[in-house]
Amino acid sequence: MQSANTFLRKIASSVLPFAAQHGMRKDLFPLSRALSLSLCLKQDNSCSPSEKLDLDAWKKVMKAGLQEEVSETVSDSEEFSSLAQAREILAMWRLAGRSVPENITDEQLKAFTECPSKSAKRKYLKFLYLKELRKKKDKIKLDEKRQRRLESQKEAPTADETRRDSFMYVQASAMDRAYNWRVAQAMVFGQPLVFDMSYEEEMSPRELTNAVTQLVYGEGCNRRAADPFHIHLCNLREGSLYHRELLKHYREAWGKLLVTATERCYTEVFPKHQLIYLTADSPRVMKTFDHNKIYIVGSMVDKSIKTGVSLARAKRLGLETAALPLEKYLLWNSGAKNLTLDQMMQILLTLKDTGDWKKALEFVPKRKYSSFISKPVHELQKTLNLINTLKLGKRQEEVRKQHAKNYSKKLIQK
Amino acid sequence: SVQPPEKPLQAEEWNRLKKSFESPAVFEEVMFNSMVRYNSPVDVAKSLLTHVAKSNGDIAYNLLVKYLALCVQQGQTSEIRDVYNIMKMRFKILESGAYNLLIRGLSNSDQWRMALTLLEEVKKIMIPSRTNYESCIKAATRHQEMKLAFELYHEMLAKDLVPTLDVLQTFFDSCRGMKDAELQKELFGMLLYLRENQIYPHKTFMRSIKLWFESIPGGNWRGHLTNIKDSGQCPVCNHQLEDSDLTEEEYDNLRERIIRDVIHGTDMFRKTTPEEFEAFQTFVENRLPFDIVIDGLNVSHIKPRKMQCENLFDAVSCLAKENGRLLVLGRKHMLSNSSNWKREIMKQMQSKADFFFAENISEDDAFLLYATLQSGKHCRFVTRDFLRDHKACLSDSPTRHLFRKWQRGHQIVFLPSVEGKQINFLPALRYDCVVQTTGDTWHIPYKDIFEEKYSYQVPRKWLCIQKK
Chain A
20 MQSANTFLRK IASSVLPFAA QHGMRKDLFP LSRALSLSLC LKQDNSCSPS
70 EKLDLDAWKK VMKAGLQEEV SETVSDSEEF SSLAQAREIL AMWRLAGRSV
120 PENITDEQLK AFTECPSKSA KRKYLKFLYL KELRKKKDKI KLDEKRQRRL
170 ESQKEAPTAD ETRRDSFMYV QASAMDRAYN WRVAQAMVFG QPLVFDMSYE
220 EEMSPRELTN AVTQLVYGEG CNRRAADPFH IHLCNLREGS LYHRELLKHY
270 REAWGKLLVT ATERCYTEVF PKHQLIYLTA DSPRVMKTFD HNKIYIVGSM
320 VDKSIKTGVS LARAKRLGLE TAALPLEKYL LWNSGAKNLT LDQMMQILLT
370 LKDTGDWKKA LEFVPKRKYS SFISKPVHEL QKTLNLINTL KLGKRQEEVR
420 KQHAKNYSKK LIQK
Chain B
377 SVQPPEKPLQ AEEWNRLKKS FESPAVFEEV MFNSMVRYNS PVDVAKSLLT
427 HVAKSNGDIA YNLLVKYLAL CVQQGQTSEI RDVYNIMKMR FKILESGAYN
477 LLIRGLSNSD QWRMALTLLE EVKKIMIPSR TNYESCIKAA TRHQEMKLAF
527 ELYHEMLAKD LVPTLDVLQT FFDSCRGMKD AELQKELFGM LLYLRENQIY
577 PHKTFMRSIK LWFESIPGGN WRGHLTNIKD SGQCPVCNHQ LEDSDLTEEE
627 YDNLRERIIR DVIHGTDMFR KTTPEEFEAF QTFVENRLPF DIVIDGLNVS
677 HIKPRKMQCE NLFDAVSCLA KENGRLLVLG RKHMLSNSSN WKREIMKQMQ
727 SKADFFFAEN ISEDDAFLLY ATLQSGKHCR FVTRDFLRDH KACLSDSPTR
777 HLFRKWQRGH QIVFLPSVEG KQINFLPALR YDCVVQTTGD TWHIPYKDIF
827 EEKYSYQVPR KWLCIQKK
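If you're matching them up, the sequences are chains A and B in order.
For the record, in the first sequence the residue sitting at position 109 is 128 according to our numbering, with numbers rising by one throughout.
For the record, in the second sequence the residue sitting at position 396 is 772 according to our numbering, with numbers rising by one throughout.
Incorrect hints may appear among the rest.
Said to hold, decoys possible - Just a few of them, taken from the derived set where beta-carbon distance is under 7 Å, the chain B residues facing chain A: (1) 384; (2) 426; (3) 437; (4) 637; (5) 639; (6) 643; (7) 645; (8) 737.
Since the hints were made in silico from the structure, they are not lab data.
It should be emphasised that the depicted structure is a prediction, and the values quoted were computed from it without experimental measurement.
Backbone N, C-alpha and C fix where the C-beta goes; we use that ideal spot for every residue, glycine too.
Isolated chain B (complex conformation) (with noise of 0.2 Å):
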């Protein structure tokens, strides 16, 4: 790349510049994309597109997109006017890129108010972008305009943008110390908004919401940071927090849903064939119900110098101490008598639990769903697996987050100890790990850092705010 010149130039310069330049082709589109890097002053770049106006009469589109670029980088308002101005005489319509920048840096300046009639024009061509809103939603809450931002907000969740945390934040932050209980609804409507979809805030977001509780006035809340213990009971408020049970009819649609989307699928012998899942039905039917189901290679492999069956031997003894009815999946291979499954072994675990061996190509996974829904909302599975391929094949997200919900809840996972047989087991969450109130109190669970990876990794630590 080229570094651009601190001074504006003459044309014969630029020309000089151009005729040195590799491929002078493109040498003002190279140039002006420097220019953005180095955050160049505007009026370098206006001295070559005076140079280029002059020997083509004419400047490309791309060229004038990019001296936006830089001028919205650098806040220059009425350049970005000008530029507006003359691309709305020079093309009939513009494209995203040049709407994205314009309403990046109208709604930074004074001029705010264009911004909002720029997005009514993108709204004409194609469906803004959700930063659009937020450029337009942080600008009206910045100017105190805080109907015409929720407005905004609505506006973008009826046409299923997803809104970013930022933007939930601003709103947490211009709101706070204000008594206004249309406001407080709205804040209200976000924070359920958080615990439909299975948000969690980050850890600044967390203090603006704080703040705004402790703000309002003659409210008398007061936030305070914990973590929850096992039992699901909150130490600063003692509140006892929801349980992760699904209702009658939740459970009952997730049921129905798991055996239409994830067994039976587009194509049910893709994961077992009819007279398998018949058979396995049967035999269920006829034993239940079960305490716990454990996917039995899964628990086999956990430690990997140890023989299968003995890992599975292990597993099974330790769950049986404690609970009633265990049921375990495997394949047939595991009958077989190798070096990795003993027959005896396998003979003597067979007397502690009701055992199922699916054909070597079938999966599992389904089956082990199957029972523990079959069983009752007290059954609980064992497995390391996250699931996340059969939670994947339900179709709609509503079913996904209540198929997450119940996999909090239901799910053991496993940790090989470093020293000893023993083997410990996570014990499945009893609380549900969500965004929660009673009326009086609100409990938050939020992410210490900004991005946690992975959908799976619940947060430990809470923000807990009750009424005084």
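In isolation and in its complexed conformation, chain A is listed as follows (with noise of 0.2 Å):
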């Protein structure tokens, strides 16, 4: 929080233009008058620093700068509706220090007003403070990037001609030429890999958004990778929500990705004993990335922990179903088996270039876990059931001794 005075112009700075452009009514924001009030009460006040102190002198000011004013505010007397309302209490929280977005749009205002409950409405708000936080600060990043940049320029102009000579360049649509090259041939030759997109109905608007960004994520690793998937978007329904947040993304780019959309089962496209369902639920075990399968990997995040939904798809369809071997190789810290599509996709490009576990399992995020298990498992179950049973051995028998202990002197207190 800034002091009252770096506030008020803050406060004027941004909400002013915002009013005008909403063609709101300014006496909406009584504090844009208090501004121009307070410059008038710091002369007044400034010859006179040393008389006795008037505790109650606030409240006279405060109700000084008020009644100039009751002539504007008592015409005011409108019906709001329910948004221009909810727009001022958001305006108050902000003042009493709430995490709440400066500015918000009307559509996020009314998702704001649709929260089912107070606490659904307070995490919206803060997310949505989070992400103009975030933005915010990218762009002071930004802009300090360019100001750097315009100055090194400035410096040494001539620098940058002799070095353009003496290196070759490749140029990023070079790259991308190259990358898609690549991805073009996989179109034709490679492996495919599935992503089930018929979990529309389990997931909230916001679940669905992540979901698409990640599956976004992930097949920009796909086309940078030296030996990409074939990936398809099976159960993708044309105009289905997902299908509108993959166009937001990609906009014109989508007619030309190079990934094979289309709106029927993977049942349908491949034959039912090469599918493998990746599911985190799977009482199967991966053991050995396999070439000739494909693998299906559900486009599902899950906020909520339901468990078992992407097992009962491939339970449905009486489809094989695997889980990654992570118990195996990584001592599991905290956090949920389930990750996220770009890391899923990472792995399995990992493994099917190299077939390394533990290269491939570098992709978890590192909080999941506190280390790789060097020695098999089977051995460290074994020590740990040694020490366990050595641990509660004793214990036992400590319970025992202080049991008899107790009954002993029952007896002799009778």
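Two chains, two frames, a set of hints: combine them into the complex.
Structural data, given as structure tokens:
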């Protein structure tokens, strides 16, 4: 929080243009008036600093400022729509120092009023607030960078010229062409990798947007890989929320994207016996990466821990399932075993290239595990069991002794 | 944090303090926070406000709220009113934090009626919190405005707010000794509210209830604290408590909902498969009714140092002695003759009870519930599982309460005894642990401590109230 002064300045600069833009009346924002007021007050008081302390002077200041304005505010008695009212509440929350975004669109405001509970509202606002904060920081960084670049260009405009001659340049577009060539090849000869897009009903709108972001990341990783997969987006219905979100991300590029998007199910596209559904709930653990199989990844972000949803899909279709051998290679620390789509993509790409589990599982977030397991698991388990039995055995002995002691005490007391 | 000064300061002194503070931008805020924490005199806070007002020409909203918090903390009613007036003039609406403070502060003063008008104001922009109502109700009861208090109480119930036990207790405390049939009806209604929502009062609340009953003029009520016997008989008045059986209608309702919400759920494949469930259904239909349904895997873990099939064997033979038909639910891997599951012992057991083995990745709990409910009201089930995840699958709270009631009456929990082979079974409660009445008697279970953590624990202590 800033002191009131800087705070005022900020409000005045951020809210006012917004209000003007949305055709709101100026007197909705009483703070804007205080600004002009503060100037004259400062002048008034500066001359008499050593008088006796009047504790209620602040009330006079606050009220004095208001009397001038009464004529303005009284006229203001229109009915407000619920959205305008919500906007006012948000403004007050922001003044109270809660995590509320400075600017909010009508669409977001509507989503806010439609939140089912108070805590849902609070969470949504915090989400918007953090997003806004991040954007602002990014913008500042970008500006700084631009500034620096301009300065360095000013300083050494000639050095650049000489360098251009002595190095061979690979342009970004050339890289893109090379990548696209490889992916195009993968579309003909590559191993398919299926993303099952049938989870729209299981997800909240936010989970869905997260899923699409992850998918876009994953596709990017695949494109840059030495030996990319042929990505299939199965069960992707035209006009579905998923489809629309993807379009939002890729825009024109969607049509030129080197992936196969289809409304059909993977079972219709591929022979059933080749399919393996990857799901953390699977009882079967994947041992090696099979180049002749077609792996399916459920493109679902599951924040509310719905266990067994993708396993149910596989069971229904009678498909083989598998889970990554996370337990076998990693000393798991915390967090769910389900990984994001881009992490899955990275892991599968590495496996495909090298077949090295250790290398592949580097892509599991570090916070989720404490270390790689060097010894085979069953040996570790054995030592763990040994320690446990020793511990337990000892404790049981202690309990028995304690019990016997108490019992004999009782006998003596009798 | 900083220690607030003890006496009001002059402007220069505040300025000096602010400059010495490590981050001057938040100085006022931090200072007000610590004033609230140390409960500084309001004059100190006022001097800071004056300083801020004079140097900025304005006081930010959050500082006003913090000052308000300090005034509320110290019960400075006139200051609270002043701050409210200033805020009201300054801002078109206030936010919930300020309203909460205002309502709390004013409801404790002689100007409590203003808290009521504030409550009306809050209602215009949002749903008031239950503590808002609590403050107003307490203020009304304190001033003997019982009618108003009950109106507010019903209003909050209508808004789906759950009243705190504190509010309910206030009603019982303030109605003590009153001879008003309407009031009595209201309070009986509150006891029934406890019954419907399976809420148990804590010890001090229970005392308030007891004292109220005993204070009803001409009521001749007497209360005693007691423990109910396992048979469900009250040792004080010999009254037999309600049994935990559900009515026909409730039972059918629960069974349907279990099948719909727990077994089918959003996707039947998550817990089982349609073929498997159908196979299980025909299996159960052909052998109905069972007396006890056992969760085999759960029982087999009772003593960790024993072979799993031995544990199960002990439990089955123990239950087989006294009861008729047993059904044991398990998974297919139990048949695979491993170190924990010996084939001979499994064979032996299968002569004593019916067995159903589900797929290894299916959930046997759903089968347990289905088989028990299909067998009829007399059938009970054995598991140490609290079945909380299944309760959570049920979509509305009345059904969940029904489930809990049924669970209390039909679940047998076993405990491993410290020594010896014996397994002890904690039988299902025969009586229903809930507030209950016959008109002439009231039986109210209560918690010993204020917060008992687990919802599956039912109190053992009761308040028995009877009419002489």
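Outcome of the hint check:
Against a cut-off of 7 Å between C-beta atoms, the interface hint on residue 384/B holds, since the closest Cβ of chain A lies about 6 Å away. For the restraint placing residue 426/B at the interface with chain A, the shortest Cβ-Cβ distance is roughly 4 Å, inside the 7 Å limit, so the hint holds. Proximity of residue 437/B to chain A holds as hinted, the smallest CB-CB distance being about 4 Å (cut-off 7 Å). Because the closest C-beta pair between residue 637/B and chain A is about 14 Å apart, greater than 7 Å, the hint is violated.
Because the beta carbon of residue 639/B sits about 13 Å from the nearest beta carbon in chain A, more than 7 Å, this interface hint is broken. The beta carbon of residue 643/B is positioned within 7 Å of a beta carbon in chain A (closest approach about 5 Å), and the interface hint is therefore held. For residue 645/B, the shortest C-beta to C-beta distance to chain A is roughly 3 Å, which falls under 7 Å, so the interface hint holds. Because the beta carbon of residue 737/B sits about 5 Å from the nearest beta carbon in chain A, less than 7 Å, this interface hint is met.
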